[in-house]
Structure formats: C-alpha cells, structure tokens
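4 protein chains.
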Amino acid sequence: MNHAVLLISCADNKGINAAVTAFIFEHAGNIVHADQHIDEQSNTFFMRIEWDLQGFSLSREQIADAFQPIAEKYSMLWELCFSDINLKTAIFVSKHLHCLRDILMRHRAGQLPCDIPLIISNHPDAKSVAEDHGIAFYEFYIDSENKQEQEKKQFDVLRSHDIDLVVLARYHQILTSDFVDHYVSRIINIHHSFLPAFVGSNPYLQAHQKGVKIIGVTSHYITAQLDQGPIIEQDTVRISHRNSLGDFVRKGQDLERVVLSRAVRWHLERKILSYGNKTVIFD
Amino acid sequence: MNHAVLLISCADNKGINAAVTAFIFEHAGNIVHADQHIDEQSNTFFMRIEWDLQGFSLSREQIADAFQPIAEKYSMLWELCFSDINLKTAIFVSKHLHCLRDILMRHRAGQLPCDIPLIISNHPDAKSVAEDHGIAFYEFYIDSENKQEQEKKQFDVLRSHDIDLVVLARYHQILTSDFVDHYVSRIINIHHSFLPAFVGSNPYLQAHQKGVKIIGVTSHYITAQLDQGPIIEQDTVRISHRNSLGDFVRKGQDLERVVLSRAVRWHLERKILSYGNKTVIFD
Amino acid sequence: MNHAVLLISCADNKGINAAVTAFIFEHAGNIVHADQHIDEQSNTFFMRIEWDLQGFSLSREQIADAFQPIAEKYSMLWELCFSDINLKTAIFVSKHLHCLRDILMRHRAGQLPCDIPLIISNHPDAKSVAEDHGIAFYEFYIDSENKQEQEKKQFDVLRSHDIDLVVLARYHQILTSDFVDHYVSRIINIHHSFLPAFVGSNPYLQAHQKGVKIIGVTSHYITAQLDQGPIIEQDTVRISHRNSLGDFVRKGQDLERVVLSRAVRWHLERKILSYGNKTVIFD
Amino acid sequence: MNHAVLLISCADNKGINAAVTAFIFEHAGNIVHADQHIDEQSNTFFMRIEWDLQGFSLSREQIADAFQPIAEKYSMLWELCFSDINLKTAIFVSKHLHCLRDILMRHRAGQLPCDIPLIISNHPDAKSVAEDHGIAFYEFYIDSENKQEQEKKQFDVLRSHDIDLVVLARYHQILTSDFVDHYVSRIINIHHSFLPAFVGSNPYLQAHQKGVKIIGVTSHYITAQLDQGPIIEQDTVRISHRNSLGDFVRKGQDLERVVLSRAVRWHLERKILSYGNKTVIFD
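Chains as they are written, first to last, in this note's numbering: chain D, 1 to 283; chain B, 1001 to 1283; chain W, 2001 to 2283; chain E, 3001 to 3283.
Since the hints were made in silico from the structure, they are not lab data.
Treat the hints loosely; a few may be bogus.
[Said to hold, decoys possible] Some, not all, of what chain E presents toward chain B, calculated at C-beta under 7 Å:
| # | residue |
| --- | --- |
| 1 | 3017 |
| 2 | 3021 |
| 3 | 3035 |
| 4 | 3136 |
[To be verified] Just a few of them, taken from the derived set where beta-carbon distance is under 10 Å, the chain B residues facing chain E:
| # | residue |
| --- | --- |
| 5 | 1018 |
| 6 | 1023 |
| 7 | 1024 |
| 8 | 1031 |
| 9 | 1044 |
| 10 | 1047 |
The beta carbon of each residue, even a glycine, is placed where N, CA and C say it ideally should be.
Generate coordinates for the entire structure from the input sequences, incorporating the hints supplied.
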C-alpha cells in the first residue's frame, strides 16, 4: 500500500473540493478516501483526501510543489503524508503499565503503523517491558527541583530520535508549556475520566465519591492547560453502587487501553485535524 | 400483585439479614425479592426485601408495629410500602414537553405505577397536553419578584393533592431550599448533561463548545445545591464533529426521556435508597 | 435551506470525484457535504454530494440534463433530490402504537422532513391517533383469504397519494413480493431483534428463552425474503437474569422507537445508498 | 479476606432465605453479600450468600455437615466455596493469542484469583508465551484421525493437575461430548459473534457479508451442542460500512478480551449459577 494523504483546512469557499480532486485526477491518481467537513460557526473547511500513488504522474518529491499554487489560492493550512512512512513514536509512562503493554501488543500485531524507538519514564518500572520488546528505555527521575532540567534532557532524547509523536500512556507528570509548545498536536494523553468531569488527579476516586453511574476516559492532545486540550476520543462504561474503587480502576483501565489506542491509530493514519479546542476525526 | 416492600438502612451488624428474613418467614410471607448492599467506607447496611402478602399472617396495619422491635434493635431507618398503593405524582414542566409526553405515554402503557393528578408549569405550553390526558393543569408564572410567593402556592397545591413525588420534567426554575426541604429524596430532576460536567444552563451548548465525543444526561434527586443531588441514573450517546448543536439536542432528548423514566420507575417501585450524595439502586 | 443532493454509485474509476465536484463548481455551487466510499470487494464507488442552490447557475430543471453526460461516461446509477421537497410517507401499523406515536411526535417537532398523508392498518387501534393528528386512516382487515385483494387496495391508496416511502412501524403482516417489488429500497421495517438472530415472530420471547445478555432491534429495507433486507441501523441494550419478558418488551420498545426514527430520518435526508444486501450510510 | 460462599438452587418455597441467613447468624457469621433470584417460569429459587469467616463458630470442615439438614429440607443443589482457595485453571488456545495474553496480564495484575498451571494447544504458537510466564505448555496436534486419542491425553493432563476450570481462549477445536461431560459448567468458551447469530466458523466474515451495523461476542459454558451452551456474558460494538473485515477482527478482538475475562472472573468469584440453557450472574 502506497498512498498519499492530504489534510487541509481553510476558510470555506466555492471550488476547494473541485480544485483538490482535479489536481489528483489530472496527475492520474485514484482517490481511495475523500471526506470533507465544514464547521459552520467558524466557516472553516476541512478535508482529508487519500489516493493511490501507483500510476500517479508526480513523484513524491514533486507533489508538494505542484500543490502549492492551489494551497495558496485558498490560503490553506495543509499537510502531505505518505502511508508507508511510519511516524516515530515515543511512549512516556510512569508506574501503571497497562496502556504501555497494550500499545506494544497492538504494535506487534500490526495494528499501529509506527516505529517505537524509545520509552521514557520517571520511574524504573517499565524497564523490563522495554527490554523485552528491544526498545530503548530512558529513566528521568523528576521532583520539584529538577523538573525543567530533566525535561530538557527528555527533549534532547526526543530530538535525537527525530520523534514525531509522543504518547503519554499514563505518564503522571505535568509537562511544562515550553515542552508542549514543541509538539503542538503531537502529544496524545489518556486521562482516566470522562472530561470535562474530574479534571486533575485521582479521577476514579473523585468519580467514586461523587456517586456517578457511568465512568469514562478521554484521550486528547496536550496543550498548556491541564486536561483541556482538544478531545480525540472518549468512551464510557456503566458502574453501580456495588462497584468498589478497585472495580472503577479495573473497568476504567479496560477503557483506557481501547481509547488511547484508537486515538493513537487515528493520528498515525492521519485521520485527525485539530482546530481550536476541537478535533475532526475522518474515520 | 399484592406485595409489601421494606427498605432498610442502618450500621452494619451481624444478624440483620437473618432477623428481617426470619420476621417475614415467621408470619408466613414468601420473599420474592431480597437484596442487600454494604457500603464499606461508612459501614452502612442497606436492604430491600419484597414479599407476597397472600397468606401473610399479619394485616397491613399490623406489619409496622410488629417490625418495630427489630428496627429498634438495629437502629434502622426504614420504610414500609405496598406495591398496590400508587404514589401520587406531580409533574413540573416548562416549555420543552418531550419528557412530559414520554412520561404520560408510559403511564398510559402501564409502565409507571403511579397516579398523576396534576401538572404544574411556569408557562402555558403544556396546558393542552394536560387536558388531553384529563390531568389538572396549574400555571404559575415566575419572575425574580414573585418566586417565593408562587412557590408557596405551588406547595399548597401539592399538599392539597397529597403529592408523594415531584418529577421535574425539564422544569427550568431553581427551587428554593424551603421548598426542597419539604420533599427530601422526593423530587426527581433530569439534567441534560453528564454530571458533574456542564452544571447549570445550556449544557448542550457547553458540550458542543467543549468538543466532547460523547454526551450524557443525568437524573438525580434535588437538594439545595444546584445539580449536586444524589445521582439516580445516567446514560450517554456518541456524537461526532458532524453533529450540529441541533443534533446534540435531538440525541440528548432521546436520552432524557429514557433516563428520566427509568429513575421515576425505580422510585415508584421503591428500588432506590439514597444516602449522603449517593444512591443504591436495587434493580 | 435550499440544497441539491446527488447520490451516485458506479464501478470505481479514476476521476469520478473530480468530475462531479468540477460539475458543481463550474456552475457556481457551494458544496456543503461530500463523502465517498469504495467497496473493495465489488470495486464499487459510492458518493453523496450536497450543495447550496443559492447562486447555482443551473435551474433545478436543468441540473439532471446537464449532469447526464458525466453519469453516462461512468455508467452511474444516480439520483438527484432537493432538500426542500418532502418525501410523501405512509405509515403501516398494527396494534402496537409506540413507534407510530414516536414518529408523529418527531414529525411535529420538525425532526422528520416529510409529509405523512396517511396511516394504514389491519386493525382499528390506530384510528384515534391518526385523527388526533389530522391524518387519513385506512383500515384493511387481512386474513389468509383476502390478503392479495386487500394489498391491491392498499397499493391503490398509496398510488393515489403518490407515496414515496412506506414505513412499517410494527406492521405485523408479511407483504407479498408483488407489493415489495413496487417499492424497492422504499419500505423501511423495524424488526424487534438483533438480526440475523431471532428472525420471525415473537423475537423477545425467543431472546428470553435463549438467555441472551443483550437484546437488540434492527431497521432494514424490506425485500421479498422475510427479515433479510439490507440493514440500515441496529442498536442493543443490556438485560439481565432479573428481567422478565415484560422488561424485554419495555426495554426493546425504547430501542425500536429510536432505531426506526434514525433509519427513517436518514432515508428522508437521502443519506442511504443500498447495494446488494448492504447499506452505506453517509451520516 | 477469608470468606465462605454458598451457591444454592432449589424449588422456591417459603423460608429458604430465612433458613440460610439464620444458619449463618447462629454461627456468628457476618454476611457481606446476599442476593437471590426466582425464575418464575420454572419456580426455581437461586441464592448466593457470602460471609466473613472471621469469628465464625464453625471450622471450614464443619460447615458442610452443619448445613446439610437445611439443604435436605429444601432439596437444594448447593456448593460451598472459600474465597482464598483458588480454582486451578487450564487455558486452551490455538493460533490467536490475544485472549491468552490478556488473561495472563490480568492474572499478573491480581484481577483473576486462580492458579494457571498449564496451557494446552493444538499448535506451537503459544509456547513462548507460556514459557515467559513460567507455565507448563502441552501441545497436542489434532487432525481428523487422532482427535479422540489426543483428547484422552489432554484429559489425563487436566486430571493430573486437578484442574477445576477450562478456559477456551480461542481454541479452534470442537470438544467431544465425552470430554465435555467431565466438565459440566466448567468449560468457558469465547465465541466471536453475538450468539445465536453467526454460529460456527468465521463469524466476523459472516457478519461482514451480512452487512450488520453492530458486531458482538459471547462467552458461554460449553455443552455438547456447538455454540449452544448457557450464555455468561455478551458485548457489542458499533461498526460502519467503512469498516473492512480487518476492522471487524480488530474491534471484535477488543471485545473478546473483555468479555472472556469478565466471564472467567465471575466464575472464579463463584458468581454464576447455570440452569438449563441460562445463567444467573450475581454481580
């Protein structure tokens, strides 16, 4: 499979769709996926278009230049990707390893098209898992004193590996906005509550004390504001008065695995466009 | 069907279950439902027990007195009800009538074992619906000036009808704590968000602006604190970036109907015990 | 709102998307929805495209002729609709009226863009509901002797009202293939099981006896084979050993209402393309 | 935690509940869970009662004898278990290892209170997983010729390990009724369809061809009839026309893991009573 994907957003206007599809047709591309969305409040046009490169009359290197005039005409924000180029993905984790294990299992099963060259943690717990999978493991112990310094080192490691995507698989440290600014729309977090309910720490305990009848989890892009970034995916599960806090955790962790993996897969398949505090998922 | 129901709560202790079931057996009752729950944090015991009165050796009038010694021994809070005595239920509504219509339809279909002698509103919109069903309709226009005075009149109407349960079927007025205090655990509200997210007004708009991927609704008992009473039932539905605010409302209203009717039915069937800000649902 | 919708299916080929969008752009139309799907097994291309007619350079009458050459080039099956032309919809019902009532309620709330000139039944039960809504009611009692004769009369009534869509809202008669052939992909049924489980009569009883932990309902187009037509929508709800057959019915009817109304709405908004025994839902 | 659990079924009668709870109270036991269910069609009474053994005046060895007269009086089928005695569990698997891995992960996380001394397969694929977890692995290649002979060997292995529970974690061989008869209500299977739909092989392919909008999975006890044993748990997930057969498999496998683990956990915690082709889940 050898596909190109264009992700486009711009002010809505007549002819955008026609211009993009004509561009692909004129160079003999066969469109395999095309979807558009218009946000009426902001009058913004979003598009995802994917086509087979077999028989396409432009080489990969030529596509961006050839598309540039169309992009300029409509003042597009756009991104061109190729389905056979895997994103380089780093996983951050603390002491709960269920999401990490799940990602690695799915990766091995071919469900997550990415390379995972490194795992970073503020604790040693994930070390043996990393080793079992032949993945480099970096431990950066973090306390109130050394946070900025350690984050700087984390950043250097990420840069040295050309990391495209950071997955926070239950990483229990708040990233500084300096760090976040380097990876806008490229850090995916799993928060173990149905946001915006139960922001912050111990959401299962908060939910248990509140007496809710359903709990949920949320995967979102990280922004400078805690637990406020654009939501990618959520899911919920029913609980009852019989369920102990331990049951909340167990049921919730089943959701965390599934929801984080969906968000990561959509990102890797370039199916997400984020704008403001929202996302469009072209699934 | 001619059943008695005991709802019990007290500090947990050995022998409670045995004492209650022995009481029923000794008077030749056949238990048709028995369920207990222990809240470990507060060490509280909850029980719902329902038995067939056919062949029971005590008359209805004698049961409470006969049970009193057991209740005292364990310092129980308890309530005795009979399945063939319908609760007198008043419905409060404003301009959105979908929940009202739904309750009346289910009532007519025999799904809600209650009497509905009156509908109260701060607007005239529901008048014809009330008339179609042969139910008395009272309109109490409310503004910032006359609120207490009008609430006083509402209360008089409720009292004159011996109302047992008040259902707020999208009633858009905040009740004063004076009013609420008269009907502790006897006012059921439907809030059109997944509480504790999106408290207050316009929750669908709040959810739309937040960019959530799932919306929910919550039915709860009213307490003096806005949208903070014990949650009885919640449900959720998936939405996507394609859904307009109108879609949120449409999908949410489908949930509102179902969730409110479940909460009301459980209350009518005496399946709810509330304690602190939580509920036990013996379903 | 004054939109045109094109529903297209044909063998997949390069340039179809470009040709269709160019056609709209060249006549100054603004696309508000465009979605495509390719069924890889049959190599079939499906498209739904909707555009604003304001400023469009062709009159409604001219559009089909102008589009014809494109349609011929790609051997398209296609349908052109206008969002402000309501489909004329007939509802068939027997003795269970919950789906009928629900459709009428949604229709009144503006959620179903159609005209409902008539209700047809093999029983008199729905008569007063029809009258309350000012809708013509036709009763055709059906037994083993008179089925074909009565169906012929039903068909005449439908034709005299130029009916576009037939909704079987729990109509408990099997239609003959003669009748069905006149309304291919234009008769929507609600079957109260999670098809293909529990085909035929009494599916709730079948489910109760089987001991399933979840029940469902299915809305589908009617074909000559009983309960085998293309599935439009399904939904499920959890049940437990505590639930009586009556609970199955109550919970299932809540699903029936929602699922049938979704299927009807999608059809009315021209969001469904059916092919073979499958459907594409452009939602 | 040191609890006793009684699972009881018998013809319904007055006084059963009282007799059982009195028995526990008279020996100074504190009931921590008590739930009953009456199947009205067969007039069968089911009960699960769990009590703390701390302070209980009977030793474990004495309980059964002391309870015997009550059991005889009501002609009970009954089972006495202790929460700190783990069931010895064997896992059967073929080539798909996701359920096996999931069970082992949950076991390691303390979510499944059992011992897993062995894994049996008709293929070598799971060998390294077994070794990683220090679990004995037995491979019994099976073809049409050697089935009975190999099953006999499997049975000997199970017996030599005193196996209490067999979990078929995607084991793609049909067990003979000889084998099944030795483990009535003690073999749990996961079938990757929403039974009774799509019995037999390749259910995801069957579902994909049928065009359903929701797929499901089913965990059930094995009986002599293929895919017909008492259902323990089911769950479903929504799919769309966009989903390929590969997506069905991926989404379905997420369900398989969760549903099988729920069924196994309930069995291990003695929360399941099966009767006829149904189960009561005391959750």
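Going down the list of hints, with the structure as the test:
{"no.": "1", "hint": "3017", "in the structure": "holds, 5 Å"}
{"no.": "2", "hint": "3021", "in the structure": "holds, 4 Å"}
{"no.": "3", "hint": "3035", "in the structure": "holds, 6 Å"}
{"no.": "4", "hint": "3136", "in the structure": "violated, 38 Å"}
{"no.": "5", "hint": "1018", "in the structure": "holds, 4 Å"}
{"no.": "6", "hint": "1023", "in the structure": "holds, 8 Å"}
{"no.": "7", "hint": "1024", "in the structure": "holds, 7 Å"}
{"no.": "8", "hint": "1031", "in the structure": "holds, 5 Å"}
{"no.": "9", "hint": "1044", "in the structure": "violated, 13 Å"}
{"no.": "10", "hint": "1047", "in the structure": "holds, 9 Å"}
Hints 4 and 9 from the list above are not met by this structure, while the remaining hints are.
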